[in-house]
Amino acid sequence: MRQVFDVYWFRMVKALRAFSRTLLGSLRDMVPIILVIAFFQLFVLQQPIPDLFNLLSGTLLVVLGLTFFVYGLEMGLFPIGESMAHAFAKKGSVFWLLVFAFCLGFGTTVAEPALIAVAREAGEVAADGGLISASESGIAEYAFGLRMSVALSVGLAIVLGVLRILKGWPIHWFIISGYLLVVLITMVAPKSIIGIAYDSGGVTTSTMTVPLVTALGVGLASSIKGRNPMLDGFGLIMFASLTPIIFVMLYGIVML
Amino acid sequence: MTWLLDFLSVLLLTVRDVLPIAVVIFGFQIFVLRRPIANMRRVLTGFAYVIFGLALFLQGLEQALFPIGRLMAEQLTSIDFVAAGDLLKVVTWGDYYWVYLFAFAIGFSTTIAEPSLLAVALKAREVSGGAISAWGLRLAVALGVAIGISLGAFRIVSGLPLHYFIIVGYIVVVVQTFVTPKIIVPLAYDSGGVTTSTVTVPLVAALGLGLAENVPGRSALLDGFGLIAFASLFPIMAVMLYAQVAEFLVKRKKRQSE
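Heads up: the protein sequence lines correspond to chains A and B, in order. Residues in the first sequence are numbered from 1 upward in steps of one, following the working numbering. Residues in the second sequence are numbered from 1001 upward in steps of one, following the working numbering.
Please keep in mind that the hints were generated in silico from the structure rather than gathered at the bench. Everything numeric in this text was worked out from a predicted model, so none of it was measured. Treat the hints with care, as some may be off.
[What the hints assert, rightly or not] DSS-like, lysine-lysine: derived pairs with alpha carbons at most 30 Å apart: (1) A/Lys225 - B/Lys1182; (2) A/Lys167 - B/Lys1182; (3) A/Lys90 - A/Lys225; (4) A/Lys90 - B/Lys1182; (5) A/Lys91 - A/Lys167.
Pulled out of the complex, with its shape left as it was, chain A reads as follows:
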């Protein structure tokens, strides 16, 4: 009885210690934002901070949330991403691995709140410019098409990125040809879509997608012989943030 109790006690103390270390880390991460806001509000704008209570309690929530996030990341998300990468490498089926890569990219992007917001805004821009019908259904249809093309492009991006890891192709040829495509398409794309297209590259990679995709890439690169996790494991996110730029501009050319 005593021994069982000791084991549990020991585990709990260990977990608490790890948790408080993460908590301190998140607290430190929040200090810059608080300083910036306080400095500009008090010295530059010279106004009192409104609603101090909400500000402080909200900051506390952010710190706690960040702590739980990092704690859960190392406990659940990283291990499953990596163990799946190993399992796929062991199974040896390239087909299923690529299907998985596509689903992961498409599935995580299609529901991304930032993307939904940007697509909606883009629809309103297009309607304002008289490029599509200004009716509610016209905007919704345009926004939906935009979202689908971004999700599709992220799915394809992860597939291409995984293929690159499998084959060991050097990454810089991809980024150079990607950049060239972006520049060439910019020349012919309607002006009103360019800003949105460039921004959509940044908003597709969400807080949940990044850890999983990184774990997948690093896991694959470390379980395939002859691949270096540092050289081959990273890069998937770059693919996911470059292809939407191209696809959104193409969508603009076709639709507008």
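Given chain A's structure and the hints, the job is docking chain B onto it.
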């Protein structure tokens, strides 16, 4: 009580966002890989922590940082503040210096708090066996975002076309790619995409919109976009530069000790 209801609705939204990911992962695990998940309980607990943490985080941002961030962006970009009450003053791009400084500071500080960057930095430290410190990487990325956003703010104020900046940025990235230590290149590319998510996007978008609405001659719809593009291009350069400087310092040290 309303607080609790707010939190519950945020929690539900987070679960909805995470659901497709969970379906893909568990679906493939069960139907394609056909093997039980190792440490099932641990993984599920980890997922629960991530969802709970993300919901708390979003709720806190919505309650504390976003309102004041938006308010400040509005006030700093308003013509009254920029012209300092002088009604006859002709405002030029140089008068927006507080805006550039604010853009720099907010870009830097929000990137330090960005959870996805933290995730990638932790992974990079693990993979490199500690050679790439998580803090060094995060600082480099945050500096990149800070410079990018203040330059983006300048672009909105000056009204120069976005794609010239982006094209020049692309050329710099490509040139750097060939002179940077190979090992850092993929990580540098990735750090462009991770910087702009939960914290940075809403605050930066508010700044861009405030600028485009308040600067004479700009349209919110045409000039308000583009800051995020800057924020995801400059970290790539910053991380490669960081690697170049680190390599240079190591070489110089070696030369000195010889």
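Structure-based check of all given hints:
1. A/Lys225 - B/Lys1182: Given pair A/Lys225, B/Lys1182 holds - Cα atoms ~19 Å apart, limit 30 Å.
2. A/Lys167 - B/Lys1182: Status holds; Cα separation ~18 Å.
3. A/Lys90 - A/Lys225: 11 Å, holds
4. A/Lys90 - B/Lys1182: 28 Å, holds
5. A/Lys91 - A/Lys167: 17 Å, holds
Violated hints are absent here; each numbered hint is respected by the structure.
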